[in-house]
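Residue numbers (the numbering used here), protein chains in the order written: chain A, 1 to 228; chain B, 1 to 167.
If you're looking for bench data, these hints aren't it; they were derived computationally from the structure. Among the clues, some could well be false.
Claimed, not checked - Cut-off 27 Å, straight-line C-alpha distance, at most; resulting in silico cross-link-like pairs (DSSO-like, lysine-lysine):
id: 1; chain 1: B; residue 1: 110; chain 2: B; residue 2: 56
id: 2; chain 1: B; residue 1: 23; chain 2: A; residue 2: 28
id: 3; chain 1: A; residue 1: 28; chain 2: B; residue 2: 24
id: 4; chain 1: B; residue 1: 78; chain 2: B; residue 2: 24
id: 5; chain 1: A; residue 1: 19; chain 2: B; residue 2: 78
id: 6; chain 1: A; residue 1: 206; chain 2: B; residue 2: 24
id: 7; chain 1: A; residue 1: 13; chain 2: B; residue 2: 82
id: 8; chain 1: A; residue 1: 13; chain 2: B; residue 2: 78
id: 9; chain 1: B; residue 1: 121; chain 2: B; residue 2: 56
Stated by the list, open to error - Which bits of chain B does chain A cover? Going by a derived footprint, with three or more residues having C-beta under 8 Å, they are:
id: 10; stretch: 32-46
id: 11; stretch: 49-61
id: 12; stretch: 101-114
Each residue gets a CB set at the ideal place from its N, CA and C atoms; glycine is no exception.
Here are the chains, one letter per residue:
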Amino acid sequence: MSTSTTASPNEAKLWGGGKSPFNLEYGKVMMWYFLMSDAFTFGAFLISYGTVRFSTNGWPDSNQVFRSFPFAPEGVHAPLVFVSIMTFILIVSSVTMVLAVHAGHNMDKKGVVRNMILTIIGGIAFLSCQAWEWNHLFHEGAWWGSNPFLNADGTASSTNFTNFFFTITGFHGFHVFSGVLINIIMLIMTLLDKFEQRGHYLMIEKAGLYWHFVDLVWVFVFTIFYLL
Amino acid sequence: MSHPHNADANHEANNAAVMAEIKKVTILLSVLTIVELILGFWMIGISSASLRLAIKGVIIILMMSKAFYIVAYFMHLKHEVKNLIMTIIVPLSLFVWFIGAFLWDGSSFKNLRNTYNPYFKEQSTIKVEKKESEHGAATHGTEKHEAVKHKSGAGEVKQKPADEKYY
Numbered sequence: 001m002s003t004s005t006t007a008s009p010n011e012a013k014l015w016g017g018g019k020s021p022f023n024l025e026y027g028k029v030m031m032w033y034f035l036m037s038d039a040f041t042f043g044a045f046l047i048s049y050g051t052v053r054f055s056t057n058g059w060p061d062s063n064q065v066f067r068s069f070p071f072a073p074e075g076v077h078a079p080l081v082f083v084s085i086m087t088f089i090l091i092v093s094s095v096t097m098v099l100a101v102h103a104g105h106n107m108d109k110k111g112v113v114r115n116m117i118l119t120i121i122g123g124i125a126f127l128s129c130q131a132w133e134w135n136h137l138f139h140e141g142a143w144w145g146s147n148p149f150l151n152a153d154g155t156a157s158s159t160n161f162t163n164f165f166f167t168i169t170g171f172h173g174f175h176v177f178s179g180v181l182i183n184i185i186m187l188i189m190t191l192l193d194k195f196e197q198r199g200h201y202l203m204i205e206k207a208g209l210y211w212h213f214v215d216l217v218w219v220f221v222f223t224i225f226y227l228l
Numbered sequence: 001m002s003h004p005h006n007a008d009a010n011h012e013a014n015n016a017a018v019m020a021e022i023k024k025v026t027i028l029l030s031v032l033t034i035v036e037l038i039l040g041f042w043m044i045g046i047s048s049a050s051l052r053l054a055i056k057g058v059i060i061i062l063m064m065s066k067a068f069y070i071v072a073y074f075m076h077l078k079h080e081v082k083n084l085i086m087t088i089i090v091p092l093s094l095f096v097w098f099i100g101a102f103l104w105d106g107s108s109f110k111n112l113r114n115t116y117n118p119y120f121k122e123q124s125t126i127k128v129e130k131k132e133s134e135h136g137a138a139t140h141g142t143e144k145h146e147a148v149k150h151k152s153g154a155g156e157v158k159q160k161p162a163d164e165k166y167y
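Construct the complete structure from the given sequences, taking the supplied hints into account.
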């Protein structure tokens, strides 16, 4: 260890005090570690889903389960369509969040406000889609402890499928919900000129990290539940 | 700061580079998602187990690359100090073991139950017949069928204790 530090004098200076070794503000470093711990939580959920699915002979076909669409006439089935819209909503809201962070770098208050509003709208749109889907599935008889869907091979299924679906998408939806709340608070603080007074928009960056993480988790949830 | 004009020019160039990167990553993420969806739609009509597995493998690779682009560019991790990247990536590499071990364990549990628990195996080969009519009802969606659907939905609830036993 000591040889490696003496071998590169730059590194010794980096940790020699007087400057930030990670070249990052404390809050952002801690946000990263929080997100890492959150990744383990989601990972544990998804891996337990995988374990249970691997230990069962049959499993419902996601294209049979998630095939409805708002305002679609009865009998019309569109697997994957609704969830792909939800996915794009989240990707777009992630892009507007990046643009808000970028505007914050430039101390461009108008840009921050505009993009934060778009991000919040995206978040609310996603939550509305999820609310519709949950409501629809509930009326089909799916809930925690109740699974009306058969396995893909026509055999009886256990309630594992719906339990995991509602728990994991619910936990993700709760993250989206808190992300929207955080973004609204950031928007209000921006409008009150809090960040102009501080001279930086670092809070927007931290909220941005959280929001991108929510998008990141959806990439996994979407793929695992709807595609695999 | 002592050369404001120079700093401004630098800033402008930097701005353009950042915007170009955002645009590039946005397009990449959209394309990857669309490819994933195309594979997903394609998979609906495929019954060959090995081909399905191969498509699922491709989808997982696409998922991982989407995750990489979000973390590296949107969350800016690629431009951070290497030590910070390591403090995040190294703990997360536990997932390699985590996923491998648990999925292996799951499939081993399934094999053991299929070998030593004939009841488990038998239950997972019996097709549910009541529900077949419900599936038929779902495809023709008239009001009469709707009523049938509700009835069979009630039947499903009664069936529940059997499900629990089966598990």
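Status of each hint after checking the structure:
Distance restraint check for residue 110/B and residue 56/B: the Cα-Cα separation of roughly 21 Å lies within the 27 Å cut-off, and the hinted pair is therefore satisfied. For the hint pairing residue 23/B with residue 28/A, the CA-to-CA distance comes to about 24 Å; that is within 27 Å, so the pair holds. Restraint check for residue 28/A and residue 24/B: satisfied, since their Cα atoms lie roughly 25 Å apart, inside the 27 Å limit. For the hint linking residue 78/B to residue 24/B, the alpha-carbon distance of about 15 Å falls within 27 Å, and the restraint holds.
Restraint check: the Cα-Cα separation between residue 19/A and residue 78/B comes to about 21 Å, which is no more than 27 Å; the hinted pair holds. With a C-alpha separation of about 23 Å, the suggested pairing of residue 206/A with residue 24/B holds against the 27 Å cut-off. Annotation: proposed proximity of residue 13/A to residue 82/B holds, straight-line Cα distance about 15 Å (limit 27 Å). A distance of roughly 22 Å separates the Cα atoms of residue 13/A and residue 78/B; the hinted pair therefore holds under the 27 Å criterion.
Annotation: proposed proximity of residue 121/B to residue 56/B holds, straight-line Cα distance about 26 Å (limit 27 Å). Evaluation of the coverage hint for the stretch 32-46 of chain B: fulfilled, as 8 residues show C-beta separations to chain A shorter than 8 Å, against a requirement of three. Counting residues of the stretch 49-61 of chain B whose beta-carbon sits less than 8 Å from any beta-carbon of chain A gives 3, enough to reach three: the coverage restraint holds. Given a C-beta distance limit of less than 8 Å, the hint that chain A covers the stretch 101-114 of chain B holds, as 9 residues qualify and 3 suffice.
Violation of the numbered hints given earlier is absent; every hint is satisfied by the structure.
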